Amino acid sequence: MKTPIVIAALAVALLLQSTIAGMSFTAASRVNLVLVAVIYVGLAYGAVTGMLAGCAAGLVQDAIAGGIVGIGGLSKTIVGFFVGVLGAQFIVSTPVPRFLMFFGASLVHELCFQALYALVEAHSIRLQISGALIQALVNGAVGITIFMLAERGPEMMQRDNWRRSSTVRRRY
Amino acid sequence: MLDIRRRTGVLLLVIVVGQLFLISAQVPSKSGVPVFQAVTFGAFARVQGGAAGFLRGIGNIWGNYVWLRGVRGENEELRKQVTDLSVRLQEQRALAQRATRLQELLTLQTSTAVPTLAADVIAGNPNPGMLTITIGRGSADGVQPDMAVVAAGGVVGRIIGPTAAHAARVQVLIDRNAAAGAYIERTHSGGMVVGVDHDPPLSMDLVSNMADVKAGDMVMASGVDGIYPKGFAIGRVESSERGSGLYRAIAVRPSVDFSSLEEVLVVLVPPRSAVPEDSVPAPAATVGTGK
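Top to bottom, those sequences are chains A and B. Every letter in the first sequence is one number past the one before it in numbering that gives the first Met the number 0, and letter 123, counting from 1, is 122. Every letter in the second sequence is one number past the one before it in numbering that gives the first Met the number 0, and letter 64, counting from 1, is 63.
Isolated chain A, as found in the complex (with noise of 0.2 angstroms):
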């Protein structure tokens, strides 16, 4: 059930980062929902998953943006493992600790990435450190949105049906 859940979660948020970024090219820098999907991943799931789900998401992401395949393909692979790790060495069940993780990755991602780049094509790396931030700030805060969503969801959605139910008999 894990896989199919983790590759709908990349799905959806590729297709949804894709989408953004069709409407508006700065509010796709400001987001990286894929990252998103994959840090999440990595904390939900352990370092195994997340390592494999950011190696895949980065490889398509890669595929599809049309630069060097490979470059955010690594670059999620190492957050999506680390995150894994360090996900399951400290206690991040609560949103600051898991805002705090995903505005990490999210500059550790930004870093690897650029720094990749640079390496490949030559040059010094050319990190935006506002955009990252930004970027990271934004992350994050999606990020501890999907798990409130995820964790108090089904939580939320089974008081909504009681909730429905029960006006239903009153009115009855």
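Wrong hints could be hidden among the right ones.
Derived Cβ-Cβ restraints for the label pairs, each shown as a range [what the hints assert, rightly or not]:
#1 B:6 <-> A:96: 19 to 29 angstroms
#2 A:160 <-> B:6: 42 to 52 angstroms
#3 B:6 <-> A:3: 20 to 30 angstroms
#4 B:53 <-> A:123: 41 to 51 angstroms
#5 A:25 <-> B:19: 29 to 39 angstroms
#6 A:123 <-> B:62: 50 to 60 angstroms
#7 B:8 <-> A:120: 41 to 51 angstroms
Sample of chain A residues at the chain B side, in silico, Cβ under 10 angstroms [what the hints assert, rightly or not]:
#8 45
#9 47
#10 51
#11 54
#12 57
#13 58
#14 67
#15 69
#16 70
#17 72
#18 77
#19 80
#20 115
#21 120
Calculated directly from the structure, the hints in this document are not laboratory data. On a predicted model such as this, the values are computed, not experimentally measured, just so you know. A virtual CB, placed ideally from N, CA and C, is assigned to each residue, including glycine.
Keeping the supplied structure of chain A fixed, place chain B upon it in accordance with the hints.
Chain B in isolation, oriented as in the chain A frame:
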């Protein structure tokens, strides 16, 4: 069964390395060739170089081995050819020397007033005590005992013993039992040359202490013995000392090289008792002084 999920580090390494390869495959190097291609080509080139070196080494070893085998065979063939050519060269050289000697003998024969007969030396004496040679002429050719035998260098010896039809034995002058009448060419001091057992192998006896004999003087046959014709060279005085008695001690080096006698001339003049030297015909010219 290996659970790859429990080998997280290995899996990470594999994935990272795989993606690095993937990246390298797409990244162009400074030369325009993708890094992956360049690295792969470089690494493979090293492997190829190593393999080529290895194969070249084997090829060289094999080639050299085969080559050396061929060289060995060729070497043996060349050695055979060299040996064959050396033999031929020696044969040709011997033929040339023989031709020279024959020419000298012919010259001697034509220049000598006495009748002569050329003969090949066909054997030596197996008895070390007697210095004789065997020639390929005998009684059938008119050879008789006590006939003189000469060579281009001078006097060789005389025919001794019974002669065969086509062979005769020659006592050489250096034999200790041989003797010949002789004189010093420069002063005409007479004496007798005999063979001795030491070097030089000839000694001239019966020369007065008063005679003027010096080293280097030519010693010629006087003919008084009735065997050797007058005027033929016998040798050269090597040393001349005053003797303890009446006669000088004169050592003579033969003018004929007895170690390499191959052709000789037999003087076809029957021996006679000792006669005055004037009755013995002298050669027309002095030839073959040996020096």
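The hints, checked one at a time:
no., hint, verdict
1, B:6 <-> A:96: 19 to 29 angstroms, "holds (28 angstroms)"
2, A:160 <-> B:6: 42 to 52 angstroms, "holds (44 angstroms)"
3, B:6 <-> A:3: 20 to 30 angstroms, "holds (24 angstroms)"
4, B:53 <-> A:123: 41 to 51 angstroms, "holds (44 angstroms)"
5, A:25 <-> B:19: 29 to 39 angstroms, "holds (32 angstroms)"
6, A:123 <-> B:62: 50 to 60 angstroms, "holds (55 angstroms)"
7, B:8 <-> A:120: 41 to 51 angstroms, "violated (29 angstroms)"
8, 45, "holds (9 angstroms)"
9, 47, "holds (5 angstroms)"
10, 51, "holds (8 angstroms)"
11, 54, "holds (5 angstroms)"
12, 57, "holds (8 angstroms)"
13, 58, "holds (8 angstroms)"
14, 67, "holds (5 angstroms)"
15, 69, "holds (4 angstroms)"
16, 70, "holds (6 angstroms)"
17, 72, "holds (5 angstroms)"
18, 77, "holds (7 angstroms)"
19, 80, "holds (5 angstroms)"
20, 115, "holds (7 angstroms)"
21, 120, "holds (8 angstroms)"
Comparing the model with each numbered hint stated earlier shows that hint 7 is the single one that does not hold.
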